[in-house]
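Engineer: The residues making up each chain are set out below.
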Amino acid sequence: MKILEVKGFTKEFDGIKALKEVSFSVENGTINALIGPNGAGKTTVLNILSGFLKPEKGEAYYKGKKITGLPPFKISTMGVVRTFQNTRLFLQITVLENVLMAMRYRNGENLLDVILRRDKVLKEDKEKINKAMDYLSLVGLAEKKDELAENLSYGQRKLLELARALATESELFLLDEPLAGVFPETRKKIIALMKKIKKERKTIIFIEHIVGIVSDISDRIIVLRHGEKIADGKPYEVLKDRRVIEAYLGGEGDT
Amino acid sequence: MEYFIHILVIAGIYIILTMSLNLIVGYTGLPALGHAAFSCIGAYTSAILALRLGLSPWIGILAGIFLAVITGLISSFPALRLKGDYLALATLGFNVIVYGIAKNWVSLTRGPMGLPGIPSFSIFGFSITETWKYLILVLFFDIISFIFLWRITSSPFGRLLKGIREDEKAIQILGVNTVKYKVVVFMVGAGFAGLSGVLYAHYITFIDPSSFTVMESITILLMVIFGGMANLYGSIIGAISLVVLPEVLRFLGLPSSVAAPLRQMIYGLLLVILMLKRPQGILGEYRFR
Numbered sequence: 115m116k117i118l119e120v121k122g123f124t125k126e127f128d129g130i131k132a133l134k135e136v137s138f139s140v141e142n143g144t145i146n147a148l149i150g151p152n153g154a155g156k157t158t159v160l161n162i163l164s165g166f167l168k169p170e171k172g173e174a175y176y177k178g179k180k181i182t183g184l185p186p187f188k189i190s191t192m193g194v195v196r197t198f199q200n201t202r203l204f205l206q207i208t209v210l211e212n213v214l215m216a217m218r219y220r221n222g223e224n225l226l227d228v229i230l231r232r233d234k235v236l237k238e239d240k241e242k243i244n245k246a247m248d249y250l251s252l253v254g255l256a257e258k259k260d261e262l263a264e265n266l267s268y269g270q271r272k273l274l275e276l277a278r279a280l281a282t283e284s285e286l287f288l289l290d291e292p293l294a295g296v297f298p299e300t301r302k303k304i305i306a307l308m309k310k311i312k313k314e315r316k317t318i319i320f321i322e323h324i325v326g327i328v329s330d331i332s333d334r335i336i337v338l339r340h341g342e343k344i345a346d347g348k349p350y351e352v353l354k355d356r357r358v359i360e361a362y363l364g365g366e367g368d369t
Numbered sequence: 009m010e011y012f013i014h015i016l017v018i019a020g021i022y023i024i025l026t027m028s029l030n031l032i033v034g035y036t037g038l039p040a041l042g043h044a045a046f047s048c049i050g051a052y053t054s055a056i057l058a059l060r061l062g063l064s065p066w067i068g069i070l071a072g073i074f075l076a077v078i079t080g081l082i083s084s085f086p087a088l089r090l091k092g093d094y095l096a097l098a099t100l101g102f103n104v105i106v107y108g109i110a111k112n113w114v115s116l117t118r119g120p121m122g123l124p125g126i127p128s129f130s131i132f133g134f135s136i137t138e139t140w141k142y143l144i145l146v147l148f149f150d151i152i153s154f155i156f157l158w159r160i161t162s163s164p165f166g167r168l169l170k171g172i173r174e175d176e177k178a179i180q181i182l183g184v185n186t187v188k189y190k191v192v193v194f195m196v197g198a199g200f201a202g203l204s205g206v207l208y209a210h211y212i213t214f215i216d217p218s219s220f221t222v223m224e225s226i227t228i229l230l231m232v233i234f235g236g237m238a239n240l241y242g243s244i245i246g247a248i249s250l251v252v253l254p255e256v257l258r259f260l261g262l263p264s265s266v267a268a269p270l271r272q273m274i275y276g277l278l279l280v281i282l283m284l285k286r287p288q289g290i291l292g293e294y295r296f297r
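Listed in order, the protein sequences are those of chains A and B.
Residues in the first sequence are numbered from 115 upward in steps of one, following our numbering.
Residues in the second sequence are numbered from 9 upward in steps of one, following our numbering.
In isolation and in its complexed conformation, chain B is listed as follows (with noise of 0.2 Å):
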């Protein structure tokens, strides 16, 4: 049971981070490869403030967020100029920088070695250690993370997002400024990844750079494609199948020599599967051309 809610947390905390790329990729059709990142910034500023200054969670949250809308606004500039794949490849690069930063200041993050014994939450004055209570404080944040994402995509503001990703000519030609939205879109996302960064921390109570890799923003990236593109219903079952599958194709039953390799295959085949189905996704109504 604890092993269940333990995975349901994980699920609730990508959730976030799907929705949220979504909102890059999916609505503003911005391909962008460095998720994890912004997720990164907000996991090592709440968790060395906690551990340097003692300052709660809760400060760290909103110090997590600011940085990574920060970080956000700067990783916007080169999605100003680029477009497609070249933009793709800038973000992944932005991407590998993050975690290069993570990895080797030493004095502040300590690099590979991970900071360790991250303080939890708390409220008033009761920590949340138990599994069960965090995944409450997940899913309040879920919760909220929706409705501000979906206000937003239900919105002429959000319909001026896909706008942006249809034919971007056009949109400029009925007086939008596409710069201002393109980069209110990349804080916007950038501040929610920073959220889950928070989250995780606080609730591993541990992290190291190798947790914000490009394999991670890739996985992400997959979760919002799986789930469908432009459809925040489609990236909260994106996360969820994506992070339960692997785990129920571990109780088939397979020997324990075959088990694991197995289990890669079996996921990657119905990645591909997918993909070849329903391009769009599950619930997708957008897909790439």
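So that you can see chain A by itself, here it is in the shape it has in the complex (with noise of 0.2 Å):
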């Protein structure tokens, strides 16, 4: 079954493309990699499907529902979370909080409810709370949990915003980057937590610079350059693609 499929997408900064008609589509419970060289359009492209961006030409259809144009909250709701490159988290709060704002309240939320029937809220929180602490401990952040989220090191914030993603409960993970920049304990850990959220019938979405990884993990690599996409397919077919192998090693590679 088809989870997502991207029909056209056409962006332009001030006259630039950088996105030329862009199409594709991903198969529920499969693992997605994006790649390309730098300014090929891969984060262009995670920022339209979860509601940051409008293209100026084409669509986007989660679950054959249009998500296109939605504001971000919308396609949240709908299933989508996504992690950005440099992590945003809530710095000046707990590890815990961080992980509890990615879940629903049902009275929590409600203001008269939070006034009125402060039990039934606190309940409720407690539950959130228990299920909060397993995604910490399956990312291996329990023992931080008090801790500020701007205390952490760069491969714990990239962990505990996997976890916040986790929490949301969604069907359809887009990661931006998640293996950048970590140290080789932590990627091992992420890779994991990837290969679990497939396990779960979940479908994944990611962009990747190293080659390597991207093949041993991914289902079917999407390649972009200059805003156009090249290849599409196996890893080993994608990989073997003349076009694929100049783009990264035609000069303009910066991996």
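Please keep in mind that the hints were generated in silico from the structure rather than gathered at the bench.
A quick note: this is a predicted structure, and the numbers were derived from the prediction, not measured.
Built from N, CA and C at the ideal position, the CB exists for glycine as well.
It is possible that some hints are incorrect.
[To be verified] Here are the simulated DSS-like pairs of lysine-lysine, each with C-alpha atoms no more than 30 Å apart in a straight line:
id : chain 1 : residue 1 : chain 2 : residue 2
1  : B       : K285      : A       : K168
2  : A       : K134      : B       : K177
3  : A       : K348      : A       : K313
4  : A       : K180      : B       : K141
5  : A       : K312      : A       : K234
6  : A       : K309      : A       : K116
[As the list claims (entries may be wrong)] Which residues of chain B face chain A? A partial, calculated answer using Cβ under 10 Å:
id : residue
7  : I160
8  : P164
9  : R167
10 : D175
11 : Q180
12 : Y189
13 : V192
14 : V196
15 : I248
16 : S249
17 : G276
Fit the two chains together into the complex; they arrive one by one in their own frames, and the hints show the way.
Structural biologist: Rendered as structure tokens:
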């Protein structure tokens, strides 16, 4: 089953085409890598899919429903979550609260319930805290729960952001360079988490530079260059492609 | 003694203003510089109802809060589009507009001449005229306001407000409609400011537009920052300190020719020192970045 369909994304920034007619579709329960040199338009694709940018042309359908043009929070409530290249955490609150922020409350977010039915809200909060702790344990940050997020190392921030994404219980994960700049040990952890997401029949689209890692874990690779899709398919097919090799070795690669 | 209680009543009224502004500025991270405008709406609504229609201040409270909430709703529209300094300027402009209306709609507000002879509250037919009785009334509303705001800020709802403050983009991808929360925060904050305006009007028994200037809004913001952002106890301390401090300096026994200017300067100096040494305020958990 196709969970996501991207049809002809075209995006311009000040007259420069960042994306030209990019189309692809993604199967449910797969790991998909979006690769390409710097400036290829990878993050732009994620920004459009998560609702922060609107394409000049083109549409995206998530589970058959059009998502382009919807505000980010609507897309998120449909089951699409993303992470950011440099992580965007809530720095001046605790690690646990960061994860709780991803959980939607029935009573705890209702102003009247919050004021008049505090018992109910507290009970709900307790359940959510237990759940959030599960996610923190999963990424190995349970002991840091009361630490302010700004005190975490870079790798820990990546993990926390992933825990937060998991806590939304989304079905489509858009991960912007989840493996960039982290120590090998953290990288292993993150890869294991990605595989776990796949095991739960959920879908990942992620951006990565290092071709070796990409071919190991992805079911499918989509290659962008100068805003155009130049290859799309199984790792061993794509990485043999002459144009892909050119894009990476032809002088403008950056990895 | 009477004077001392008077200071406490004023501090009590400022506590409501400071706590409610803290909800907007400290918790949600929206720098708003027009809090006195909501107070103004509350004060004038209740005063006019009492003077023109002879309505009880208790009805005035409800009407004052209601109109302040509506005003908060209107003022939140710029907040949805603007950020940071621009939002501060827009809310400041809003304050100027409300002040201008109060000053120039002479047929309703008597303009700069103000509205004298506003009646005080009465409970079961007994008028609250003594200052200490009014202090109890104000304390009663302080406690209600505190419980109300504390329940908001210490709940998952309040946590989301902090999320909006920390990273608006990130909270949106978690499925939170930030627009809705910002509007609600402005309405709640404005409602409490309206309440404090009503309490002020019926206490002083005279209001004129000069009590609701931008300078007044800045003072309230100072109290929030002084006491500590995103901390309600801090707001209580901030309001009391900045009301009482200038009064304490009055008793330093300085010669009267230098007392007044020196008092202002010491007050200013203390603020500068605090900001240098403790930018998050006395009890604050959050600082502007």
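Engineer: All the hints need checking, so say for each whether the structure fits it.
Structural biologist: Tested hints:
1. B:K285 <-> A:K168: At roughly 45 Å apart (the allowed maximum being 30 Å), K168 of chain A and K285 of chain B break the hint.
2. A:K134 <-> B:K177: 26 Å, holds
3. A:K348 <-> A:K313: 19 Å, holds
4. A:K180 <-> B:K141: 62 Å, violated
5. A:K312 <-> A:K234: This hinted pair is violated, its Cα atoms lying about 35 Å apart.
6. A:K309 <-> A:K116: 19 Å, holds
7. I160: 6 Å, holds
8. P164: It holds, given that the least Cβ distance between P164 of chain B and chain A is near 3 Å, below 10 Å.
9. R167: Where the cut-off is 10 Å and the nearest Cβ of chain A is about 6 Å from R167 of chain B, the hint holds.
10. D175: Hint holds; D175 of chain B Cβ to chain A Cβ min 5 Å, cut 10 Å.
11. Q180: 4 Å, holds
12. Y189: OK, holds: Y189 of chain B within 10 Å of chain A, min 9 Å.
13. V192: The hint holds - V192 of chain B has a Cβ within 10 Å of chain A, the shortest such distance being about 6 Å.
14. V196: 8 Å, holds
15. I248: It is violated, given that the least Cβ distance between I248 of chain B and chain A is near 25 Å, above 10 Å.
16. S249: For S249 of chain B, the interface hint is violated, since the closest Cβ of chain A sits about 24 Å away, which is over 10 Å.
17. G276: Since chain A brings no Cβ nearer than about 28 Å to G276 of chain B, farther than 10 Å, the hint is violated.
Against the hints set out earlier in the document, violations occur for numbers 1, 4, 5, 15, 16 and 17.
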